[in-house]
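K.L.:
What follows is each chain in one-letter form.
Number of protein chains: 4
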Amino acid sequence: MPILKGIYPPIVTPFEDQEVSYSQLSNNIKKWNEFDLTGYVILGSNGENAMLSETESLNVLETAIKYIPDDKQIIIGAGQESSKLTISYMKQARHIGGDAFLVVSPHYYKDQMTASALLNYYTEVAENADLPVIIYNVPKFTGINLALDVLQKLGTHPNIIGMKDSSGNMTYFQSLLALQLPGFQLLTGTANTLFPSLMVGAVGGILALANIAAQHCLDIFRLYQQGNLKEARDLQLKIMRLNQLTTTEYGIGGLKFALDQIGYFGGEPRRPLELPNEKGKAQIRTELKKLSLH
Amino acid sequence: MPILKGIYPPIVTPFEDQEVSYSQLSNNIKKWNEFDLTGYVILGSNGENAMLSETESLNVLETAIKYIPDDKQIIIGAGQESSKLTISYMKQARHIGGDAFLVVSPHYYKDQMTASALLNYYTEVAENADLPVIIYNVPKFTGINLALDVLQKLGTHPNIIGMKDSSGNMTYFQSLLALQLPGFQLLTGTANTLFPSLMVGAVGGILALANIAAQHCLDIFRLYQQGNLKEARDLQLKIMRLNQLTTTEYGIGGLKFALDQIGYFGGEPRRPLELPNEKGKAQIRTELKKLSLH
Amino acid sequence: MPILKGIYPPIVTPFEDQEVSYSQLSNNIKKWNEFDLTGYVILGSNGENAMLSETESLNVLETAIKYIPDDKQIIIGAGQESSKLTISYMKQARHIGGDAFLVVSPHYYKDQMTASALLNYYTEVAENADLPVIIYNVPKFTGINLALDVLQKLGTHPNIIGMKDSSGNMTYFQSLLALQLPGFQLLTGTANTLFPSLMVGAVGGILALANIAAQHCLDIFRLYQQGNLKEARDLQLKIMRLNQLTTTEYGIGGLKFALDQIGYFGGEPRRPLELPNEKGKAQIRTELKKLSLH
Amino acid sequence: MPILKGIYPPIVTPFEDQEVSYSQLSNNIKKWNEFDLTGYVILGSNGENAMLSETESLNVLETAIKYIPDDKQIIIGAGQESSKLTISYMKQARHIGGDAFLVVSPHYYKDQMTASALLNYYTEVAENADLPVIIYNVPKFTGINLALDVLQKLGTHPNIIGMKDSSGNMTYFQSLLALQLPGFQLLTGTANTLFPSLMVGAVGGILALANIAAQHCLDIFRLYQQGNLKEARDLQLKIMRLNQLTTTEYGIGGLKFALDQIGYFGGEPRRPLELPNEKGKAQIRTELKKLSLH
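Sequence lines, in order, name chains A, B, C and D.
Heads up: the first sequence begins at 1 in this note's numbering, then just goes up one per residue.
Heads up: the second sequence begins at 1 in this note's numbering, then just goes up one per residue.
Heads up: the third sequence begins at 1 in this note's numbering, then just goes up one per residue.
Heads up: the fourth sequence begins at 1 in this note's numbering, then just goes up one per residue.
These aren't lab readings, by the way, just hints derived from the structure by calculation.
Here the structure is a predicted model, which means the values were calculated and not measured.
Warning: the hint list may mix true and false statements.
A few chain D residues facing chain C, derived, Cβ under 8 Å [said to hold, decoys possible]:
| no. | residue |
| --- | --- |
| 1 | Asp111 |
| 2 | Gln112 |
| 3 | Ala115 |
| 4 | Tyr264 |
| 5 | Leu273 |
Reference excerpt, derived from the structure (chain B facing chain C, CB under 8 Å, subset only) [what the hints assert, rightly or not]:
| no. | residue |
| --- | --- |
| 6 | Gln174 |
| 7 | Pro196 |
| 8 | Leu237 |
| 9 | Ser292 |
Even for Gly, the Cβ is constructed at its ideal location relative to N, Cα and C.
Just chain A, with the same shape it has in the complex:
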């Protein structure tokens, strides 16, 4: 069972003329490899997994794994609408490699995703996964927030090792920590709450922002570990605006635009996702400068 700890970027998938660019993917990874990141999430929300065919998705995984050193953890984004499709996808991905699956909640039929439906789904998936499963709670994309009593049950499953919580809801996050589920490792899924999440018990974060500001994220984690809490807090406040711009406000388009500004390959997201408008670009440039990333 992988020990989750520290910072993981959910890496973007680069496109050229709307086609996956495997060479730009490998170039980016080589650059990220220079940081002290614990590992990577491949094919998460920020990896535009939802925009890819299954074949593309598996090819991205295969390429990524090739360029990631053995000492880095590899977490594979998974999660389709049906148990059957999710399990089938995991079987194929497993042959390629990786350390764990990050499984998003099914959400198209959100009214029907009752406590029992979600409990059964994650149980079935965990039982059929050849790698440990990390639950992925991301209400802003799914419209679903996993209930505490469901997580209390899932948290004891031997093949479910933790959760990425992108809700940004600290009441929820602390309520979950208060359950003290043994061995259930909690990662925050947004740089918005990295520092406070660490303070209350998160083991680390899967952070879109780590695509473009890996060192800042790592510094917050290190300062926290060293007990330099005032500095950690100051840095946390400094990254808020850039994080908002490249997630909530302009999404993956914003993140990719920022990557292009700092020497990585960003390019265009797959349509209908868009690059930011001129105002957004200017705002992002301003924040990159403030953080000396530009």
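Dock chains B, C and D against the given chain A, drawing on the hints supplied.
P.N.:
Showing chains B, C and D alone in chain A's frame:
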């Protein structure tokens, strides 16, 4: 360009042991063929399209088309998260047959589905579709309600022939009708608002309820056309509860349970979707009896 | 028990220099009296009741009643957060006159407004009201939508004679009508759904738009009664945009600006409510012209 | 200008037979006075201010002030729907005493509470207040979340000294702190986020939970100040459940029931607010025991 008019069931996809049952699909279609339905939606939300692999999806379409008489319109559910995947899917489906595509809005990255993103998406899709496109607005699943000014632009595209609106929001529906877009045909997407939608200008409905109560839906349409509005209204009020139970409250599981009660094959939906609990089953049975469907 | 039927404007309360202008109130009423309106709602949401002291509120009522002919019904807006305050207010208002109270749901503590809390509230209020009570369901202001099973119980109370539903939700409205509560009279609370609501069983409407377009609202009602449904529907679609601008989009400020354009006194709403910005004013003027109200 | 710091309970208003019990109010205050609380909020949301007449409200204030020692700060809940009513209320309250006003956003006409409306409202109120103003942001009651750019402007007003933020949204809270408004003091408005809020820069908290667990709240604050962060965090997690039960889940009824269990006077809230059902009572008793409060 197909003239949209009357009642279309978005037909369910039957499973046995979680595998698509093509024989039960054809049996159901043969029964539905006995009604005066204008046509069918294959692979819509109620067809559990989101739960199927692309191969399964195309096989369902192929089977369905085989059993549907030539004089019935066939509307094919489509719509993936990226323009690329949607267009690729439409190319394959087109070889099989059908009269129009019903294209749901991309929605995973809902914050980024700006007016321009959606306008560009539907335009690109329409330009690359070999069949006419019907826009599918279904906020309860997507979390997105297409803006009127976007629809005003899309409504003039030669290959976009109308919209299925499942919002149930009559203010929105009438505001859209008030735009008087020439040739833009509006279908209601819920039996909850069939009668009032017809009264204000809908040409018909794509109605989950028509899976189990086709004649009731057809009767409301006929009574409306004949000007027997008091009767149409009374029938509309009579179907409200059954419709709620088999859509909002128990979803596809509820619909499939009802099918099993009335001589069709319902079976289990694909997991994590569930059949109703005992209370739900009893409620559905009660309403089926009230409508003499049991 | 008053028979509710036809069109009622919830009249605005005019201010000059932020003080209630009783003379402008009477002038407006004299103009509205020229229409075939069934009656008036005094001190409803559009009457800025929430912005007034209790003394001002009672003075407005007293003035209004003086200028309203005996053959017009007077419905008095009521509803504070506690049963005690609501009942106390009704006792005072009752001495002044009127035919019924329109009682909004308490809503500040919305999480605590359980089915039993609301059931008990309306029951206690109805039992202590010296006039018949009309329930006022207005989720856009209160964040609360009264549940059908609560209304089913309240609908049998001898002193509760009906409901004004401003939800605009036709599924809800028809589901309520389907309960067939004897003597429970349903009014729509928004011109957005006047025609479809009448078609399914509403007895009339309490419509902000009737402040500025009384004749259009009356015409829709008359055409509906005469069975000229095509004309009623066309007129319904024509008023949609003006209604949106003077309710949802610019609210009471929009409504008051429109009144000023058509020979009534609108003036400024009480702060922090505002008049529309220049764009809004232009939009409203355009729509007034389209309806020949300017 | 009062220095805001530490823990403030927003005290409940006791009722006997639905009438304010001034004697029970004074008894409770005497007990709370034994704690090292910085001060009190009188007539906040938990004080059921919305349920009281203006006369009752002023009487509660007068009584409370009599029993509160001079070295405790007194913050007075204020905020009606119109600027005029708010200012009029503040004038009357000012004669009684107190150190600051806590002013909730107007919210009945929530669609119309634009940035300019709220900016103008708080500016007008601050300019007419004889005491410093603390902004009160409480989306769960008002449906409104004050925008950062509005706060950036309000934060520089000489008579606006800070904000109580009950949103529980740490992204928002940190984004506001990141603006570094000089002299703008931020209090968290929920014990759910006390510890993480302190860690990122809150000066203290106005906490419903401090009505029943003042010492626990004070301990978290003290441990935080002493740098015993592990202990502070453990205590924070321990109070989560009781806080949820006595705020979000059962509200003021839950809080009052808890008070009755621990030697204070709780009594019934004013109707339609209710005491918890039997399940809720048992849950609260269990949590009180866990925290040795019972």
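K.L.:
Each of the hints needs a verdict: does it hold here or not?
P.N.:
Outcome of the hint check:
For Asp111(D), the shortest C-beta to C-beta distance to chain C is roughly 6 Å, which falls under 8 Å, so the interface hint holds. This hint holds: Gln112(D) has a C-beta 4 Å from the nearest C-beta of chain C, less than the 8 Å allowed. Evaluation of the Ala115(D) hint against chain C yields a violated restraint, the C-beta minimum of about 11 Å exceeding 8 Å. With its C-beta approaching chain C no nearer than about 20 Å, Tyr264(D) sits outside the 8 Å limit, and its interface hint is violated.
Interface restraint check for Leu273(D): the shortest CB-CB distance to chain C comes to about 6 Å, inside 8 Å, so the restraint holds. This hint holds: Gln174(B) has a C-beta 6 Å from the nearest C-beta of chain C, less than the 8 Å allowed. The criterion of a C-beta within 8 Å of any C-beta in chain C is met by Pro196(B), whose closest approach is roughly 4 Å, and the hint holds. Residue-level restraint check for Leu237(B) holds (minimum Cβ-Cβ distance to chain C is 4 Å; threshold 8 Å).
With a cut of 8 Å, the hint placing Ser292(B) at the interface with chain C is violated, because the nearest CB-to-CB distance is about 17 Å.
In terms of the numbered hints stated before, the structure departs from hints 3, 4 and 9, listed from lowest to highest.
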